[in-house]
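Student: The residues making up each chain are set out below.
2 protein chains.
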Amino acid sequence: MKEMENLSSKQVFLSDTELFYTEKVNEKSAEISGEEANHLINVMRYKVGDLVNLTDGKGKIYKAKLIKIQKNTAWAEVVEFVEYQKTNENIRVFVPNLKSKDRMRFLIEKLVEIGILNITIFDSKRSIAKGGNNEKWEKITIAAIKQSLRAFLPNVYFEKSLAKIDFSNQIVLIFDQNAETYLSEIMFENDKNYSLIFGPEGGLDESEMNLHNSTKIKLSNYRLRSETAIIFAVSKIINL
Amino acid sequence: MKEMENLSSKQVFLSDTELFYTEKVNEKSAEISGEEANHLINVMRYKVGDLVNLTDGKGKIYKAKLIKIQKNTAWAEVVEFVEYQKTNENIRVFVPNLKSKDRMRFLIEKLVEIGILNITIFDSKRSIAKGGNNEKWEKITIAAIKQSLRAFLPNVYFEKSLAKIDFSNQIVLIFDQNAETYLSEIMFENDKNYSLIFGPEGGLDESEMNLHNSTKIKLSNYRLRSETAIIFAVSKIINL
Numbered sequence: 088m089k090e091m092e093n094l095s096s097k098q099v100f101l102s103d104t105e106l107f108y109t110e111k112v113n114e115k116s117a118e119i120s121g122e123e124a125n126h127l128i129n130v131m132r133y134k135v136g137d138l139v140n141l142t143d144g145k146g147k148i149y150k151a152k153l154i155k156i157q158k159n160t161a162w163a164e165v166v167e168f169v170e171y172q173k174t175n176e177n178i179r180v181f182v183p184n185l186k187s188k189d190r191m192r193f194l195i196e197k198l199v200e201i202g203i204l205n206i207t208i209f210d211s212k213r214s215i216a217k218g219g220n221n222e223k224w225e226k227i228t229i230a231a232i233k234q235s236l237r238a239f240l241p242n243v244y245f246e247k248s249l250a251k252i253d254f255s256n257q258i259v260l261i262f263d264q265n266a267e268t269y270l271s272e273i274m275f276e277n278d279k280n281y282s283l284i285f286g287p288e289g290g291l292d293e294s295e296m297n298l299h300n301s302t303k304i305k306l307s308n309y310r311l312r313s314e315t316a317i318i319f320a321v322s323k324i325i326n327l
Numbered sequence: 088m089k090e091m092e093n094l095s096s097k098q099v100f101l102s103d104t105e106l107f108y109t110e111k112v113n114e115k116s117a118e119i120s121g122e123e124a125n126h127l128i129n130v131m132r133y134k135v136g137d138l139v140n141l142t143d144g145k146g147k148i149y150k151a152k153l154i155k156i157q158k159n160t161a162w163a164e165v166v167e168f169v170e171y172q173k174t175n176e177n178i179r180v181f182v183p184n185l186k187s188k189d190r191m192r193f194l195i196e197k198l199v200e201i202g203i204l205n206i207t208i209f210d211s212k213r214s215i216a217k218g219g220n221n222e223k224w225e226k227i228t229i230a231a232i233k234q235s236l237r238a239f240l241p242n243v244y245f246e247k248s249l250a251k252i253d254f255s256n257q258i259v260l261i262f263d264q265n266a267e268t269y270l271s272e273i274m275f276e277n278d279k280n281y282s283l284i285f286g287p288e289g290g291l292d293e294s295e296m297n298l299h300n301s302t303k304i305k306l307s308n309y310r311l312r313s314e315t316a317i318i319f320a321v322s323k324i325i326n327l
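Protein sequences, first through last, are from chains A and B. The first sequence begins at 88 in our numbering and counts up by one. The second sequence begins at 88 in our numbering and counts up by one.
Since the list can't tell identical chains apart, any single copy or any two copies may satisfy a pair.
Here are the simulated lysine-lysine pairs, DSSO-like style, with alpha carbons at most 30 Å apart:
# : residue 1 : residue 2
1 : LYS233    : LYS305
2 : LYS305    : LYS226
3 : LYS186    : LYS233
4 : LYS145    : LYS233
No wet-lab data here; the hints were simulated from the structure. Please read these numbers as outputs of a predicted model, since none were measured by experiment.
Isolated chain A (complex conformation) (with noise of 0.2 Å):
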């Protein structure tokens, strides 16, 4: 039987913990399937009477002890449950489509370590990749809450436009290389919402740089590519 950590006091953050994802779990018991559960039972090779550490993406990581296994599926009852609070709900990030499937990938999963929980990815007036995929994106967002060891899971929405976007109620930064002001001249408060746009390889074009309301920051003297720009940003601005 896999050593059991102490979750409770928070101390589940060891190199080898392995965390999975399912959306099947209450306060009692557990079902994991899918690639998850083949990842349980066929790589890790979880047996029956182990101990796993389990997460909804709401807020919750369960200990729960595996009482049947069979082909695909997994069953476990759960022993205890920790609760997190949720961190950054009033961050937005707008993230272009990017060129490369690399750098996006490279992105997102950097984005949801970080802990940002709301992503839009947006088909920018100068994107050249454009149009969404959600569930390449969502593989992506599960595998980095499991890495990260994190109770939820960020949102991650595709937009064909920016201006399809409500950004109502939001404090709207776009970062444009040609601003004035820094980002350290914005002081970023817990009860306000913020949403930080980015622009894509050649940059946002001019109606989507005049949405009503935004405030223009310049990042850098230097001229980062879209995915640096976006990760040295949230870098700065959140705390983890």
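Let chain A serve as the given structure and place chain B on it in line with the hints.
Tutor: Relative to the frame of chain A, chain B by itself:
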């Protein structure tokens, strides 16, 4: 002839600016050869009379006029140049060899874009991948300064072991999940030298952690991948 940007005002950071790297440039003339020449001549199709942006990686960016092009070499007359100040020279980043080559490439690229000038890649006791690939890393580094329009080519060293490195006159910060000092508690001062040491997937081992006079730093309550932790920490520290 390509339009000449006003280099002196430092408004060179247009999204379509091309910067070429050559060691053979002085205040009067330049020679571009090898891959850079191939890109200039055959891919970008520059012609005699065109203006080209060059850097020597030693702090200058030159504007030069092409005067002669042969098969795989181009010669140019320097029209003007701008000398840049070195920044962040007091920060050294120690990167453990990572298993994934993609993650390694991405990490080096991001560190260079963000402006780190001293990168030491080392075989950590628990590194799965071992050994250096200086030629490949230099390629990544050159590509990243061209991308970010930087005038300094960072030093990327390889060391077989942390134990071989001289940390005298350095404030050594070791990033460790179990540390109790947070990064935000460290006040970075420009006139002090900092060595930031990060562990590989499995963490640093005890002998690596016990470097004399090091401060252990906790970055996050979450489990970050090595490259995420490094990019995140460096983004917090560096001002662009």
